[in-house]
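Residue numbers (the numbering used here), protein chains in the order written: chain A, 6 to 621; chain B, 628 to 816.
Rather than coming from a laboratory, the hints here were simulated on the basis of the structure. Ideal placement from N, C-alpha and C gives every residue a C-beta, glycine not left out. Don't take each hint at face value.
[As the list claims (entries may be wrong)] Quick partial rundown of chain B residues pointing at chain A, CB under 7 Å, derived from the structure:
no., residue
1, Phe644
2, Leu660
3, Ala663
4, Ile665
5, Arg667
6, Ser669
7, Gly671
8, Asn746
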Amino acid sequence: MAEIKEVTYQPDSIIEELGYDDHFHDHGHDGDKYQVGFVSKYIFSTDHKIIAKQYLITGIIWAIIAAGMSVIFRLQLGFPEESMAWLRPLLGKWIVVNSEGFGTLAPEFYYALVTIHGTILVFFVLTAGLSGTFSNFLIPLQIGARDMASPFLNMLSYWFFFLAGLVMFLSLFVSTGPFSGGWVAYPPLSALPQAMSGSGVGMDLWLMSLVFFVVSVLLGGINYITTILNLRTKGMTMLRLPLTIWSFLVTAIIGLLSFPVLVAGFFLLIFDRTIGTSFYLSDIFIGGEALNHTGGSPVLYQHLFWFLGHPEVYIIILPAMGIVSEVMSTHARKPIFGYKAMIVSIASIGFLSFLVWAHHMFVSGMNPFIANFFILFTLIIAIPSAIKVFNWLTTLYQGDLHLRVPMLFAIGFVSFFISGGLTGLFLGNAPIDIQVHDTYFVVGHFHIVMGVAAFFGMWAGVYHWFPKMYGRFMNETMGKIHFWLTLISAYMVFWPMQYLGIAGVPRRYYSFDSFQTFSMFDGMNKVITVFAIIAFFTQLIFIFNFFYSIFYGRKVKSKNPWKATTLEWSTDIHPGHGNWEGKLPTVHRWPYDYNIDQVEYKPQYVPVSEGEEVIH
Amino acid sequence: MTTKYEHTNTTIHPMMFLLWLGMAGIVMLFGALTSAYIVRESAGNWLEFQLPKLFLWNTAVILASSVALHAAYIGYKKRRITTYRMGLVISFALGLLFLALQYMAWNELFARGIELTGNPSGSFVYVMTGIHALHLVSGLMALGVAIYHAFKLPYEITQKRVNRFKLVLYYWHFLAGLWIYLFLFLNIM
């Protein structure tokens with residue numbers, strides 16, 4: 006390999022010379038509402054960087070709660086013969102202690118734990134915590150904008166999310182328990198308050214919380230799209246956008262088009278519950294009595310739910326993919342392989358995500374001929390996904406890999422995405438899906454491909470942009486311990502589940518003591534639980550590292566510690582209101598000029614020198 | 628609070644673009660409801676009934692309201708202050724009339740035995756027109772702000788006020804269009 010020339014850049018002077026003066030600082034922001042007072046600066050802030058941190062920290066808190074729930078129900082599944090009396094101080098009446106002091110988890114509450122675990126992780130952590138954090142933080146910084154198109158709506162978006170969280174949190178303490186009919190909330194369990202204890206007040210609060218949540222997503226999403234399309238700085242053409250921004254754009258569009266459909270489904274559900282309409286209910290007997298509802302169809306709800314539900318998994322995974330592409334290119338010191346192919350595959354995944362929803366409904370009694378249509382499109386999604394995987398691997402190939410923590414997590418993401426994606430091919434085929442539907446095969450599949458993989462993308466992003474967020478580094482050693490323990494324990498939790506599923510072990514069961522068929526899997530269930538506990542405690546290392554580093558981490562000394570090309574690294578170490586001190590940077594090249602023409606890297610704000618060939 | 632940032636890549640004002648995206652979301656909401664209607668209808672056990680005649684009157688009222696608001700907008704730009712102010716007020720009043728007629732139409736349906744909790748074919752009519760009416764209330768709030776500005780602020784033509792007026796105008800036209808869509812949909816299905 007030819008000698009690579011090391012370079013340093015002075016973003017301040019380049020931007021001063023070539024930047025674009027939008028007169029932003031002319032009227033002075035010292036007396037600005039942004040700057041005065043703790044409340045307007047840190048709480049009801051309209052600054053996208055603070056809102057991003059609010060999303061991130063709220064997401065972390067929810068992730069702890071949801072992961073804690075999973076530990077409790079894993080204890081039930083792995084060690085049903087052990088007493089849980091020690092959990093009584095935390096769970097109160099949901100631990101039933103008999104006269105001998107032996108405590109068992111109330112079955113109703115087991116279902117509530119499973120339901121709320123899923124709801125929180127899908128919506129609050131991997132939607133709000135992931136795309137809320139990084140869309141907010143990176144969109145203005147990477148496209149060269151002062152802030153979002155509407156900072157006020159952006160603030161409102163966070164506070165609707167907060168409200169959604171508050172209502173969901175309250176529902177945990179209702180005496181009849183939180184909603185427990187599964188995160189998909191299928192009627193009739195979700196539509197009839199008398200169906201089970203969690204279907205009463207708990208379900209009312211669950212629905213209220215999710216409607217607030219959708220408002221939050223929509224307010225955020227329209228803002229992200231507008232900002233990306235309208236507020237790019239001079240020279241930032243669409244084909245010079247970092248892949249993070251492309252993925253946030255498509256994510257926001259998917260959300261805008263699919264969440265209203267979920268709300269329509271929820272409205273009809275609310276009317277069925279409260280007013281007594283029969284959109285989803287028909288011919289139901291409870292306690293031997295026939296209900297008045299006739300003429301409804303529960304499958305209608307499933308269609309409306311999965312019209313959001315499937316795009317939702319891409320809402321979760323696309324931002325992680327964007328982050329991974331960016332992190333990988335930076336730490337492999339190589340241009341991302343197939344930049345345009347990456348954009349096309351992001352867009353086509355977004356498009357196809359709307360054509361596959363009924364692959365969740367192969368056993369709902371739908372017409373098997375219609376199922377063929379959904380099988381076809383589901384399998385077609387494998388193509389853009391495989392293109393992306395190929396491009397990541399080729400980006401790594403012969404790269405100058407710097408295996409720092411964000412890079413490890415980015416590589417880990419690809420590993421999980423491959424192994425989880427492959428099982429998706431099985432599930433996308435109706436004949437196989439009918440066999441493994443509602444078994445642990447499904448649980449293993451989606452946890453690996455959109456749970457763990459999305460988390461790895463998120464961690465890659467957190468470790469990579471932490472210096473930009475807080476002006477300090479996270480601890481590298483703790484980060485590596487976090488990575489390896491999480492990688493191993495996540496695989497050890499979800500891989501065995503796929504074997505369980507092939508053997509037919511059904512999901513959502515409280516215990517397997519009624520029949521002997523599955524008793525041979527006791528040992529495997531114990532192993533899964535042990536690794537789930539290890540994974541949980543490993544996250545405490547991350548959480549300690551995160552909060553400790555905010556205050557005591559190693560300080561960032563230069564503006565661009567990773568020698569990255571994107572615009573956010575040309576701002577001050579602690580960027581203020583408006584992001585850039587003086588003029589806005591102008592953009593002269595695509596974002597992946599690493600080791601091209603024997604030059605170490607060329608940031609986007611660096612002008613094209615004479616005789617240089619420009620890529621985009 | 629809107630931003631004062633200059634934007635460099637724009638042919639459309641960011642706030643207007645935000646509104647377009649918001650309207651896209653509303654279109655998806657009603658698209659979902661009407662698709663649910665079609666799916667449910669094709670499943671059978673579907674009660675056929677006459678829609679209230681008042682729906683036709685309502686279509687005229689909401690169109691007139693849109694025309695009045697458009698007249699107000701042109702009046703504002705051409706310095707015809709009376710047209711500007713009266714157009715807004717008339718448009719607002721017609722919006723209220725629309726809601727009142729809608730309420731009467733629901734009562735008429737109810738009197739004919741088409742209850743909200745009966746066969747889903749009736750429930751859908753109540754729910755779809757009801758959610759449309761809720762959106763109309765949000766439009767009336769925006770109109771209320773526009774009326775407040777028209778009477779309280781000194782009359783002057785600024786780019787900022789033109790933009791603001793356009794937001795209300797487009798949203799109101801959109802709601803009228805949405806009603807016409809629902810009206811045609813319910814009549815044809």
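These are the hints, each one checked on the structure:
no., hint, result
1, Phe644, "holds, 5 Å"
2, Leu660, "holds, 5 Å"
3, Ala663, "holds, 6 Å"
4, Ile665, "violated, 11 Å"
5, Arg667, "holds, 6 Å"
6, Ser669, "violated, 11 Å"
7, Gly671, "violated, 9 Å"
8, Asn746, "holds, 5 Å"
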